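Since the structure of chain V is provided, determine the placement of chain Z on it from the hints.
Protein chains: 2
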Amino acid sequence: MKSVVIGIDIGGTFTKLGVVDKEGNNIASKSISTQTTDNNVNTFLEILNGELKKILHEIGSGYRLIGIGVGAPNGNYYSGTIEFAPNLQWKGVVPFVDLLKKYFNIPIVLTNDANAAALGEMLYGGAKGMKDFIIITLGTGLGSGIVVNGQVVYGHDGFAGELGHINVRPDGRECGCGRKGCLETYVSATGIKRTVYKFLADSLEPSSLKGVCFNDLSANMITEAAIKGDKVALAAFEYTGEILGSKLADAVAYTSPEAIFLCGGLAQAGDFIIRPTKLYMEMNLLPIYMNKVKILPSGMKDNNVGIMGAAGLIWHELEK
Amino acid sequence: MKSVVIGIDIGGTFTKLGVVDKEGNNIASKSISTQTTDNNVNTFLEILNGELKKILHEIGSGYRLIGIGVGAPNGNYYSGTIEFAPNLQWKGVVPFVDLLKKYFNIPIVLTNDANAAALGEMLYGGAKGMKDFIIITLGTGLGSGIVVNGQVVYGHDGFAGELGHINVRPDGRECGCGRKGCLETYVSATGIKRTVYKFLADSLEPSSLKGVCFNDLSANMITEAAIKGDKVALAAFEYTGEILGSKLADAVAYTSPEAIFLCGGLAQAGDFIIRPTKLYMEMNLLPIYMNKVKILPSGMKDNNVGIMGAAGLIWHELEK
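Chains V and Z, in that order, give the protein sequences.
Take the first sequence: its letter number 62 is residue 62 in the working numbering, and every next letter is one higher.
Take the second sequence: its letter number 308 is residue 308 in the working numbering, and every next letter is one higher.
Simulated from the structure, these hints should not be mistaken for laboratory data.
If you're wondering where the values come from, they're calculated on a predicted model, not measured in any experiment.
Just so you know, even glycine gets a beta-carbon here, dropped at the ideal spot from N, CA and C.
Heads up, a few of these hints could be off.
Simulated DEER-style distance windows between Cβ atoms [as the list claims (entries may be wrong)]:
no.: 1; chain 1: Z; residue 1: 270; chain 2: V; residue 2: 224; range: 42 to 50 Å
no.: 2; chain 1: V; residue 1: 173; chain 2: Z; residue 2: 84; range: 36 to 44 Å
no.: 3; chain 1: Z; residue 1: 150; chain 2: V; residue 2: 22; range: 38 to 46 Å
Below 20 Å or equal to it, Euclidean Cα-Cα: the simulated EDC-like pairs (lysine to aspartate or glutamate) are [stated by the list, open to error]:
no.: 4; chain 1: Z; residue 1: 131; chain 2: V; residue 2: 157
no.: 5; chain 1: V; residue 1: 292; chain 2: Z; residue 2: 258
no.: 6; chain 1: V; residue 1: 198; chain 2: V; residue 2: 242
no.: 7; chain 1: Z; residue 1: 180; chain 2: V; residue 2: 282
no.: 8; chain 1: Z; residue 1: 294; chain 2: V; residue 2: 157
no.: 9; chain 1: Z; residue 1: 292; chain 2: V; residue 2: 83
no.: 10; chain 1: V; residue 1: 294; chain 2: Z; residue 2: 157
no.: 11; chain 1: V; residue 1: 131; chain 2: Z; residue 2: 157
no.: 12; chain 1: Z; residue 1: 22; chain 2: Z; residue 2: 317
no.: 13; chain 1: Z; residue 1: 278; chain 2: V; residue 2: 23
no.: 14; chain 1: V; residue 1: 128; chain 2: V; residue 2: 23
no.: 15; chain 1: Z; residue 1: 128; chain 2: Z; residue 2: 230
no.: 16; chain 1: Z; residue 1: 292; chain 2: V; residue 2: 157
So that you can see chain V by itself, here it is in the shape it has in the complex (with noise of 0.2 Å):
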């Protein structure tokens, strides 16, 4: 029999499932809604229970499954549990790995979604055989893990790595923590979009991006727009380049990695983040760490990054 692990990446909407087994091949994939109806995190989790319990069956008897592993926002590595995710139903402290072992008497483990991308990476992606590298996701928010002599740095609470947070202007623009200024509000899915805005209000260049309310605005469609040669767009491009340059200059002096790696919808855009990230960083950079670091997409495919992530998360713990 083959040993497989479960990895479920839980997301404000969807949540994926997928058995992986040690090298990394996705066997069986699925995506469930996160959402109930009673906003009950006891409801999703028989649903979750009946949907593993048939992919397991539906992959048939060859497989043995020794583990399970979640990334989460907010997710705590020591704990297991989920903590005040502003994007998810469940408010309060869940003790997700708590109430999931009452279904599966094996190992499980939890951190946040994007130290689970770093344990991916690590293992299946580009940073195979680094020891020291970080991972920036570019989603609604901007998420990071950061990993420092092959171990993710969890901090002794288990929240370290929030780059999304660290400060970019003191009185800068709104963030939903709260606060002003964090490095989220300009550079991520949203973050983008925010800066097409301001564009669009600042200056008079035609945009195709005129005729999209904000609401429908995607990074996507900045992209497309950018490729069309956009003004607007490419503007905005380089914009969000500056700011996470100018800020990954400064992560480079905390932990100094060989690479940082760029994922989630926003780095999609390809070279048109990744060109300005690289040069405003250079430009930043403290002589002695200059053209050392590299930065890259991941290597993963993108479509599982959080499967893979929720995987090598559970992998790398069996291995301990």
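Same frame as chain V, now just chain Z:
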């Protein structure tokens, strides 16, 4: 025979040596000049060797030397080199460990002074039992040592932990590194001198510091003035603590440490620097980190921090 190590703390002007046992007793110590008339590291090593042999002879035959630890500016843990240190006479890349091994055929390890201070704090100071903390040395510049999971963060190239050069203001004060607005241009013994001069330029407040020229002014004098209620000195500490505190809030978002230790000359000011630093750090922290992170003075005897750090480095290495 009792096993001992030698800790060597190389500074721009003086080099301090000490024989230290595992329990952190400094059995003998000495200070020699780092500078030689010929600017040659080999001349320095000859003198250093002579002094070390003398000190070992003096303590007698009850001790066995089992290792040497060296803390030096721009010291690289991986290569044992001192690279382009602006405050030392030796230019370029100096293979210090290899050169010292010609005199002593025992384990010798080198790192930068702030990383060594972190190991000293962990073995002999206030960080005993802590696995995640940061040490900030506030001397001529600002040095930093970051500990994650009980290990000093060296980064992929051995140069991690240069918080003195994270950016505070994009077009701020000129820094010795050639860039502008680095943290150490505001927060260090030199930084607070510059701040005093800024306030003397901007305000009409009477101050005893108006009678001191820049070259003569020291962090100690500013503390003395603050004790006497000098408003310029007090404002300078507030300003310094505000900048340090806001940047330490960012530092917490990286590695979520249990405590941040302040040591070195400016830290002698005690609460004049610790109080505003703590206040502004808390004001800028992401809510999940609030009221969790201690700001502490070093727990080591201050005149020996360098020696104890270097000794801690080699004891830590010998235990691996």
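Pair hint residue 292 (chain V) and residue 258 (chain Z), alpha-carbon separation not exceeding 20 Å = violated (31 Å)
- Given the hint that residue 22 (chain Z) pairs with residue 317 (chain Z), does the C-alpha gap stay at or below 20 Å? Roughly 12 Å separates the two Cα atoms, so the pair holds.
- prompt: Has the given pair, residue 294 (chain Z) with residue 157 (chain V), been kept, meaning a C-alpha gap of at most 20 Å?
  reply: holds (13 Å)
### Task
Verify the proposed pairing of residue 294 (chain V) with residue 157 (chain Z), using a straight-line Cα cut of 20 Å.
Holds, at about 13 Å.
**Item:** Restraint check for residue 198 (chain V) with residue 242 (chain V), where alpha carbons must lie at most 20 Å apart
**Value:** holds (16 Å)
Problem set entry | Pair hint outcome, residue 131 (chain V) versus residue 157 (chain Z) [Cα-Cα no greater than 20 Å] | holds (11 Å)
field: Pair hint outcome, residue 292 (chain Z) versus residue 83 (chain V) [Cα-Cα no greater than 20 Å]
entry: holds (16 Å)
message: Is 38 to 46 Å respected by the C-beta to C-beta distance linking residue 150 (chain Z) and residue 22 (chain V)?
response: violated (28 Å)
Q) Between residue 131 (chain Z) and residue 157 (chain V), is the straight-line Cα distance small enough, at 20 Å or below? A) Holds: residue 131 (chain Z) and residue 157 (chain V) sit about 11 Å apart, inside 20 Å.
Satisfaction of hint between residue 157 (chain V) and residue 292 (chain Z), Cα-Cα up to 20 Å: OK: residue 292 (chain Z) and residue 157 (chain V) at ~9 Å, within 20 Å.
**Prompt:** Is residue 278 (chain Z) within 20 Å of residue 23 (chain V), Cα to Cα?
**Reply:** The given pair, whose Cα atoms are some 47 Å apart, is violated under the 20 Å limit.
Note whether the CB distance of residue 173 (chain V) and residue 84 (chain Z) lies within 36 to 44 Å or breaks it.
holds (39 Å)
Checked against the numbered hints above, the structure breaks hints 1, 3, 5, 13, 15 and satisfies the rest.
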